[in-house]
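Trainee: Chains F and C supply the protein sequences, listed in that same order.
Counting in the working numbering, the first sequence runs from 644 upward without gaps.
Counting in the working numbering, the second sequence runs from 644 upward without gaps.
Among the clues, some could well be false.
Since copy identity is lost for identical chains, a pair holds within one copy or between any two.
Claimed, not checked - No more than 25 Å apart at the CA atoms, straight line, and that leaves these computed lysine-lysine pairs for DSS-like:
id	residue 1	residue 2
1	Lys687	Lys823
2	Lys763	Lys687
3	Lys745	Lys823
4	Lys828	Lys687
Rather than coming from a laboratory, the hints here were simulated on the basis of the structure.
Since the structure is predicted, the reported quantities are computational estimates derived from the model, not experimental observations.
There are 2 protein chains.
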Amino acid sequence: MKYEEIPHVTLERLALYHRTLQQLEERGFDIISSQQLSGFLNIKPEKLRRDLSYCGSFGTRRVGYPVSELKRQLGKFLGLHYHRRIGIVGAGHLGMALAIDKTFLELGFSVAALFDKNEKLIGSEIGNVKIYDFAKLESTAKRKMIEIGVIAVPKDSAQEAADALVSAGILGIWNFAPVKLFTPKNVPVLDADLSFGLRILNYYITQAE
Amino acid sequence: MKYEEIPHVTLERLALYHRTLQQLEERGFDIISSQQLSGFLNIKPEKLRRDLSYCGSFGTRRVGYPVSELKRQLGKFLGLHYHRRIGIVGAGHLGMALAIDKTFLELGFSVAALFDKNEKLIGSEIGNVKIYDFAKLESTAKRKMIEIGVIAVPKDSAQEAADALVSAGILGIWNFAPVKLFTPKNVPVLDADLSFGLRILNYYITQAE
Chain F
644 MKYEEIPHVT LERLALYHRT LQQLEERGFD IISSQQLSGF LNIKPEKLRR DLSYCGSFGT
704 RRVGYPVSEL KRQLGKFLGL HYHRRIGIVG AGHLGMALAI DKTFLELGFS VAALFDKNEK
764 LIGSEIGNVK IYDFAKLEST AKRKMIEIGV IAVPKDSAQE AADALVSAGI LGIWNFAPVK
824 LFTPKNVPVL DADLSFGLRI LNYYITQAE
Chain C
644 MKYEEIPHVT LERLALYHRT LQQLEERGFD IISSQQLSGF LNIKPEKLRR DLSYCGSFGT
704 RRVGYPVSEL KRQLGKFLGL HYHRRIGIVG AGHLGMALAI DKTFLELGFS VAALFDKNEK
764 LIGSEIGNVK IYDFAKLEST AKRKMIEIGV IAVPKDSAQE AADALVSAGI LGIWNFAPVK
824 LFTPKNVPVL DADLSFGLRI LNYYITQAE
């Protein structure tokens with residue numbers, strides 16, 4: 644199945660299920676019924692079952708889904724078992740914040756390097772992540788087996804960062820710059836967008852008043 | 644309609660439509676058919692029409708949706724016309740990154756203050772945003788008419804930040820700390836989760852290989 648074939652919104656739900664199952668696992672749940680899970684997430688049971696069937700997962704009738712096993716299956720479907728290494732371009736506040744964020748570690752991913760052009764920053768460390776010279780991104784990223792590139796530079800430098808990451812052979816880019824990037828077809832780009840959360844929170848506020 | 648009644652995933656789509664319409668407007672589009680919009684977003688036309696009917700918007704058959712008007716209607720449904728003022732608790736890398744992010748401005752929101760306990764930071768500015776003493780959050784937030792609180796502190800300090808924001812009368816919280824916060828029922832909390840993007844990008848990578 645090509646990745647274009649699953650709508651982005653379905654993927655968002657699969658990611659949501661995965662996170663929820665991770666939380667349930669941490670709290671010691673062994674089994675969860677599709678009713679419980681769908682009630683918890685406010686998603687219709689039929690839709691939940693259909694979504695989960697994407698990754699070949701079917702609960703046992705009257706028993707429910709085994710939490711850890713379903714999480715593992717979903718994780719495998721999402722490719723999370725690869726535990727990929729991340730390189731972040733841009734050691735400004737956003738790059739630094741992402742480098743020390745524990746979410747990636749919890750997902751089994753690790754930040755292997757930050758890259759910047761600023762000579763004052765090159766060589767220093769944040770958390771356990773070292774800042775490397777952007778000019779040497781290609782060789783450094785290859786040596787450190789980086790597979791995911793994160794772009795945390797201003798929008799005028801974002802395409803240059805993307806080109807360098809593509810030259811280094813990375814597999815995909817998570818782009819925080821507010822600009823459309825051009826990459827070869829086999830290097831997917833996911834645009835992060837902080838405004839989404841704000842739009843949704845704002846709706847909740849409007850309804851809660 | 645109570646905010647619980649629209650599933651979160653539908654809201655995500657409404658936010659997506661709003662952003663897309665904003666982009667189309669910037670590029671000078673006047674009219675877009677539901678076919679075009681649904682093709683562009685990879686969402687079924689029937690679903691798109693049903694989603695848009697939530698906010699009372701119906702395109703004209705054979706003519707399509709007027710881009711600016713639909714954006715305005717959606718924006719109003721999401722409460723974006725209130726142009727709320729934001730206060731960020733935590734002037735670490737994440738708080739700083741959020742304070743200078745232009746996304747909020749583009750949405751018509753503004754960051755009115757940062758709050759921190761670190762005396763070395765209090766009084767300084769980043770971008771045009773001043774850092775205030777967390778101990779005086781209540782009076783400062785009221786004076787600056789802050790309506791949205793963003794929590795960008797470590798998880799051990801997050802509930803304390805939430806309590807201070809609630810005391811200051813803010814309307815909703817966007818929480819970047821990886822912890823469940825407790826607030827009164829009329830103060831909704833939206834948990835930001837950076838791991839979502841990574842899960843989704845990773846799936847794209849797995850499929851693109």
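Trainee: A separate judgement is required for each hint: does it hold in the structure or not?
Mentor: Verification of the hints:
1. In this homomeric assembly, Lys687 and Lys823 come within 25 Å of each other (Cα to Cα) only across copies, at 24 Å, whereas the closest approach inside a single copy is 34 Å.
2. Taking the shortest Cα distances, Lys763 and Lys687 never come within 25 Å of each other, neither inside one copy (53 Å) nor across copies (51 Å).
3. In this assembly of identical chains, the alpha carbons of Lys745 and Lys823 lie at most 25 Å apart only when taken from different copies (16 Å versus 28 Å within one copy).
4. Taking the shortest alpha-carbon separations for Lys828 and Lys687, only the inter-copy value of 24 Å comes in at or below 25 Å, while the best intra-copy value is 35 Å.
The structure shown violates just one earlier hint, number 2.
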